[in-house]
Structure formats: C-alpha cells, structure tokens
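Asks: Single-letter residue listing:
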Amino acid sequence: MKLSEHLVDLMQNAVDACAKHVLIMISGAGDAISLTVQDDGEGIKSSEVEKAMRGEKAPRGRGLLLLKEEAERNGGKFAYSSAGKGTSIEAEFRFPEMGKIGDALLVFWQEFGIMDFTLSMTSDKGVFVFDSRLISEKYGRKDDVQTMVKVRKDVNYAQTNLYGGI
Amino acid sequence: MKSIADINAIREQMRSKVLIRDNAKDGETHVFVGMGTSGLEHGAVEVFNAFVDEISSRCIKNVRISRTGSLGKSEIEPVAEVALPGEAPVRYGNLTPDKVKEIVENHVVGGKPVSAYVVK
Numbered sequence: 001m002k003l004s005e006h007l008v009d010l011m012q013n014a015v016d017a018c019a020k021h022v023l024i025m026i027s028g029a030g031d032a033i034s035l036t037v038q039d040d041g042e043g044i045k046s047s048e049v050e051k052a053m054r055g056e057k058a059p060r061g062r063g064l065l066l067l068k069e070e071a072e073r074n075g076g077k078f079a080y081s082s083a084g085k086g087t088s089i090e091a092e093f094r095f096p097e098m099g100k101i102g103d104a105l106l107v108f109w110q111e112f113g114i115m116d117f118t119l120s121m122t123s124d125k126g127v128f129v130f131d132s133r134l135i136s137e138k139y140g141r142k143d144d145v146q147t148m149v150k151v152r153k154d155v156n157y158a159q160t161n162l163y164g165g166i
Numbered sequence: 001m002k003s004i005a006d007i008n009a010i011r012e013q014m015r016s017k018v019l020i021r022d023n024a025k026d027g028e029t030h031v032f033v034g035m036g037t038s039g040l041e042h043g044a045v046e047v048f049n050a051f052v053d054e055i056s057s058r059c060i061k062n063v064r065i066s067r068t069g070s071l072g073k074s075e076i077e078p079v080a081e082v083a084l085p086g087e088a089p090v091r092y093g094n095l096t097p098d099k100v101k102e103i104v105e106n107h108v109v110g111g112k113p114v115s116a117y118v119v120k
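First to last, the protein sequences are chains A and B. Here the numbering used here is used: position 54 in the first sequence is 54, and no number is missing along the way. Here the numbering used here is used: position 8 in the second sequence is 8, and no number is missing along the way.
Do not take every clue at face value.
[To be verified] Computed Cβ-Cβ distance ranges for the label pairs, DEER-style:
no., chain 1, residue 1, chain 2, residue 2, range
1, A, Lys77, B, Gly86, 48 to 58 Å
2, A, Gly164, B, Gly86, 14 to 24 Å
3, B, Cys59, A, Leu134, 20 to 30 Å
4, B, Glu75, A, Thr160, 42 to 52 Å
5, B, Lys101, A, Glu50, 38 to 48 Å
Bear in mind the hints are in silico, worked out from the structure with no lab data behind them. For glycine and all other residues, C-beta sits at the position ideal for the given N, C-alpha and C.
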C-alpha cells in the first residue's frame with residue numbers, strides 16, 4: 001500500500017474511535033519520509049492491536065500491521081501508542097511510494113465538520129499547513145464536488161513542490 | 001453474541017440506509033465507496049477519486065460521494081454502491097477508474113445500472 005492509503009486506513013480508525021480531530025504530520029529529510037497521525041478518539045484496545053500485530057484475526061488493527069510491515073520492509077520505524085484516550089501512530093519510511101495525499105484526504109470530505117484534520121507537510125523545500133475547518137472560509141462552498149476538486153488539487157500541488165513527483 | 005466486527009458492519013449498513021433515506025427527500029444521488037483495509041489494498045482511493053473526477057468534469061449536480069466501511073468480500077474489492085433518489089442502491093465490484101466512467105455515464109446520468117459490474 002502507498003503511504004496515502006495507509007493514511008486513509010489510520011483516519012478510518014480515528015472515525016471508528018469517534019475522534020473529533022486528527023493531526024497529520026508528514027516530513028521528509030534526505031531519503032526518509034515520516035508520517036505521524038494523532039487523534040483524540042477513544043483509542044483502540046491494546047489487546048486488539050496486539051492480536052493484529054501477531055497476525056491473528058482482529059476486528060481492527062490489520063491496517064496497523066500492514067503499516068508496520070511496510071515501514072520495516074523499507075528500513076524504517078514504526079511506533080504506536082493508545083493510552084485510553086487518543087491514538088498516536090508514527091512511521092518512518094525510506095523511499096516510500098507516497099501516493100497522493102490530497103486524494104486520500106478527499107475520502108473524508110463528508111466527515112469534515114464532525115471529524116476535522118490539520119495537515120502539516122514539511123521538507124527542506126518548505127512547509128505546507130492545511131486545516132479542514134478553514135475550507136468554507138478559503139474556498140467558499142464546502143458541499144459540492146467542484147470544491148472537493150480544488151482542495152485536492154492544492155494539497156497535491158503542495159506535495160509535489162515539497163517532495164517531487166508523486 | 002455479536003463480535004465488534006459484526007456490530008461495525010451493521011453500523012455501516014445502517015448508516016448507508018439512513019443516508020439513502022435522507023437522499024430520497026432531497027433528490028440527491030449518493031455514491032458510497034467501501035474503504036475497508038482490503039478495499040484500500042485493491043485501489044479504493046483511486047476509485048473514489050475517479051467518481052469525483054467524472055462527476056466534476058461532467059458538472060453533474062446533486063451527487064454526494066462518501067466513503068463507508070467494507071462493503072463486501074475482498075475478492076470483489078473495490079466495491080461501491082450507487083443509489084439514485086428513491087431507488088434501492090446498486091452494488092458494483094472489482095471497480096477500476098475506467099469502469100467508474102461507464103457507471104457514471106450509464107447509471108448516474110442515464111439511470112440504467114451497468115449490469116456487467118453489478119455484484120451481490
């Protein structure tokens with residue numbers, strides 16, 4: 001799976017955990033990309049995560065196992081914490097296939113307002129910060145497909161500027 | 001006793017039904033794309049964005065595109081449902097962006113489901 005697809009999976013976990021806000025941080029340094037996703041939801045039971053990490057069938061957490069495997073396959077790192085309230089995932093990749101972050105975030109369009117996100121993308125070329133709570137203010141109408149396309153375009157454009165071709 | 005997975009599946013199904021019922025009131029077509037982990041592994045994000053592209057480029061109004069949890073077995077992922085206002089949802093499987101173009105043209109615009117891609 002691409003990094004953008006892992007992001008969708010992590011955000012779906014946040015929806016399932018009734019999170020109201022997700023902080024997404026992507027940063028690139030040299031040949032490594034790190035992804036951090038923190039939500040303020042109810043967290044996933046550690047027993048569920050441990051089962052999934054052992055490859056056993058679990059209601060949730062298979063996506064975390066895939067992310068851990070992907071990060072480790074690429075010589076990176078993976079860390080997970082969920083202490084009752086909120087969940088934090090950190091993964092570091094080397095030469096990952098990033099996919100398009102704007103395409104991934106668009107998937108949660110109907111959830112914005114119920115579960116919002118703040119995205120921070122950094123590299124040695126600059127910083128890009130985006131907050132879904134400001135979509136109406138910045139783009140006008142929220143609830144139409146044309147606005148979805150504009151937001152996706154802006155996020156993907158920033159990603160290309162920061163990390164090169166995607 | 002039902003497992004958490006069963007309860008989550010029921011919750012997603014009920015969510016779809018509630019949204020479809022609401023659509024019938026406001027005359028919107030609703031597209032749901034299944035985004036379970038299995039769907040993601042098989043390209044569900046591309047399929048979701050293909051619906052956005054087709055509906056945007058054709059300037060079609062009154063269509064709402066949403067993600068939902070897993071909609072079927074992994075063998076038929078990616079899966080999406082298309083519900084015209086007041087009609088039962090039609091479930092499509094093994095989707096690709098090219099198939100999405102056909103579905104938007106024939107079903108969303110033309111009102112006729114593309115039977116070749118319909119799954120149970």
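Asks: Give a verdict on every hint.
Replies: Evaluation of the provided hints:
The hinted window of 48 to 58 Å between Lys77 of chain A and Gly86 of chain B holds, with their beta carbons roughly 51 Å apart. Checked against the hint of 14 to 24 Å, the C-beta distance between Gly164 of chain A and Gly86 of chain B comes to roughly 48 Å, which is inconsistent with it. Checking the proposed 20 to 30 Å range against Cys59 of chain B and Leu134 of chain A shows it holds: the Cβ atoms sit about 26 Å from each other. Hint check: Glu75 of chain B to Thr160 of chain A, Cβ distance near 35 Å, so the stated range 42 to 52 Å is violated.
Between Lys101 of chain B and Glu50 of chain A the beta carbon distance is about 43 Å. The supplied range of 38 to 48 Å therefore holds.
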